[in-house]
Amino acid sequence: MINFRKLFVLPKEEDEEFTFQEIEEGIYFRGHNLWLLVISMGIACVGLNINSSAAVIGAMLISPLMGPIVGMAFGLSTGNRRLIRLGIINWVLMIVVAMCSSALYFFVSPFHSETSQLESFKTATIFDCFLALLGGLAWFLGIVRKEAVKVIAGVAVSTACIPPLCTAGFGIANGNWEYFWGGFYFYLINCFFIGVGTWILSIFLGYQRYYRIKDRSHNRKISGFISLLSIVILFPSILLTKKKWEKEKLKERAENYIKNIKENHSELAIISYEAFKENDQDFLKITLLNDSVTISKKRLDAHNELVKDIHLIWQYSPGVRSSENPEMQKLQSQITALKEEIDRIKSQNKIK
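Heads up: the sequence shown begins at 1 in this note's numbering, then just goes up one per residue.
FYI, nobody ran anything at the bench for these hints, they're computed from the structure.
Some clues are possibly wrong.
[Claimed, not checked] Derived pair list, reagent style BS3-like, types lysine-lysine, alpha-carbon separation capped at 30 Å:
#1 Lys244 <-> Lys221
#2 Lys251 <-> Lys262
#3 Lys251 <-> Lys298
#4 Lys277 <-> Lys259
#5 Lys262 <-> Lys297
#6 Lys298 <-> Lys242
#7 Lys247 <-> Lys277
#8 Lys297 <-> Lys346
#9 Lys221 <-> Lys243
#10 Lys297 <-> Lys247
#11 Lys259 <-> Lys243
#12 Lys277 <-> Lys244
#13 Lys262 <-> Lys339
#14 Lys298 <-> Lys244
#15 Lys259 <-> Lys247
#16 Lys339 <-> Lys242
#17 Lys221 <-> Lys251
#18 Lys346 <-> Lys298
#19 Lys259 <-> Lys221
#20 Lys339 <-> Lys243
#21 Lys285 <-> Lys249
#22 Lys243 <-> Lys277
#23 Lys297 <-> Lys277
#24 Lys285 <-> Lys259
#25 Lys285 <-> Lys221
#26 Lys285 <-> Lys262
#27 Lys259 <-> Lys244
#28 Lys242 <-> Lys259
#29 Lys285 <-> Lys247
#30 Lys262 <-> Lys298
#31 Lys249 <-> Lys277
#32 Lys259 <-> Lys339
Model the full structure from these sequences, guided by the hints.
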């Protein structure tokens with residue numbers, strides 16, 4: 001018979017004092033750790049700059065970012081002010097070095113385009129907070145186990161911190177404060193919820209009782225403070241999640257409308273479209289290969305009946321004008337005639 005208590009129990013494979021020393025050693029940010037961070041930031045910056053996910057992942061694998069964060073959280077749970085102070089000092093130092101490294105790279109880089117990799121780390125959602133919390137739990141579980149698991153857990157957590165800092169550095173170098181604040185907030189929530197995960201698990205596993213007398217009143221105050229701070233930090237991510245969800249829904253609706261328009265009006269040669277929101281109203285801008293001779297504005301307005309909850313903006317493709325390009329006019333006329341003939345044949349077949 002399965003012993004469920006033993007199945008879910010979390011045994012400590014290391015002595016508590018050894019775990020404490022290991023966390024303390026990981027806090028210090030100097031020597032190898034300092035240069036590893038600079039190198040990993042450089043690799044991540046290149047990856048974000050040239051839109052290479054492989055380079056970004058490579059930077060994540062070598063970045064030494066978790067020590068100060070875990071040290072602060074563990075010090076808070078055990079009441080060790082020295083750990084808290086060391087964690088804060090080294091965490092600030094880490095941010096300064098990382099931001100300077102990334103900003104310097106993007107300042108001298110000849111490429112200043114906003115890649116999709118950069119874009120993905122500009123907006124933090126509530127799901128990223130949840131991932132960071134799970135990462136904090138995983139990292140601390142690695143701490144109390146053997147080396148192999150420890151490395152895997154550390155890598156899993158580090159993935160959430162390097163790219164957002166590089167994104168913030170990109171914002172500084174290019175004067176784009178949307179990227180700076182977006183990337184820095186992304187990094188901040190990851191650090192905070194990684195720390196929360198560490199704090200929860202260190203108390204759950206009983207480390208607190210080894211380093212101070214149990215004080216329920218003090219624990220309630222700390223728990224209340226962390227809960228309040230969590231709500232404050234979560235609030236912007238909830239708004240960003242809502243905004244991202246609305247953007248995805250608008251994109252989905254736009255794609256359905258384009259599909260519907262193509263099915264019902266095959267004479268329209270749609271070459272591109274863009275959905276956007278302005279003044280709390282949804283718009284869909286559609287660019288046609290057709291020109292005003294083959295498809296008039298009056299005729300386009302009649303197609304708007306297909307769409308009820310989004311405003312259509314029709315525009316002809318720039319440079320496609322029959323007066324300037326008679327060959328294009330001839331081809332479009334032939335295409336339109338063929339489509340009309342196909343529609344006529346289909347209608348006759350339906351009647352039969």
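How the hints compare with the structure:
1. Lys244 <-> Lys221: violated, 35 Å
2. Lys251 <-> Lys262: Status holds; Cα separation ~17 Å.
3. Lys251 <-> Lys298: Judged against 30 Å, a Cα distance of about 26 Å means the pair holds.
4. Lys277 <-> Lys259: holds, 20 Å
5. Lys262 <-> Lys297: Since the Cα atoms of Lys262 and Lys297 sit roughly 17 Å apart, the hinted pair holds (cutoff 30 Å).
6. Lys298 <-> Lys242: violated, 37 Å
7. Lys247 <-> Lys277: holds, 8 Å
8. Lys297 <-> Lys346: holds, 26 Å
9. Lys221 <-> Lys243: violated, 34 Å
10. Lys297 <-> Lys247: Roughly 28 Å between the alpha carbons, so the hint for Lys297 and Lys247 holds.
11. Lys259 <-> Lys243: The hint holds at about 25 Å.
12. Lys277 <-> Lys244: holds, 12 Å
13. Lys262 <-> Lys339: OK: Lys262 and Lys339 at ~12 Å, within 30 Å.
14. Lys298 <-> Lys244: Measuring from Cα to Cα gives roughly 35 Å; hence the hint is violated.
15. Lys259 <-> Lys247: holds, 18 Å
16. Lys339 <-> Lys242: Outside the cut-off at roughly 42 Å; violated.
17. Lys221 <-> Lys251: This hinted pair is violated, its Cα atoms lying about 45 Å apart.
18. Lys346 <-> Lys298: The hint holds at about 25 Å.
19. Lys259 <-> Lys221: violated, 57 Å
20. Lys339 <-> Lys243: With a Cα-Cα distance of about 41 Å, the restraint between Lys339 and Lys243 is violated, given a limit of 30 Å.
21. Lys285 <-> Lys249: Cα-Cα ~16 Å, so holds.
22. Lys243 <-> Lys277: At roughly 11 Å apart (the allowed maximum being 30 Å), Lys277 and Lys243 satisfy the hint.
23. Lys297 <-> Lys277: With Cα atoms ~23 Å apart, Lys297 and Lys277 stay inside 30 Å; holds.
24. Lys285 <-> Lys259: Given pair Lys285, Lys259 holds - Cα atoms ~14 Å apart, limit 30 Å.
25. Lys285 <-> Lys221: Status violated; Cα separation ~54 Å.
26. Lys285 <-> Lys262: holds, 15 Å
27. Lys259 <-> Lys244: holds, 23 Å
28. Lys242 <-> Lys259: holds, 26 Å
29. Lys285 <-> Lys247: holds, 15 Å
30. Lys262 <-> Lys298: holds, 18 Å
31. Lys249 <-> Lys277: holds, 12 Å
32. Lys259 <-> Lys339: The hint holds at about 17 Å.
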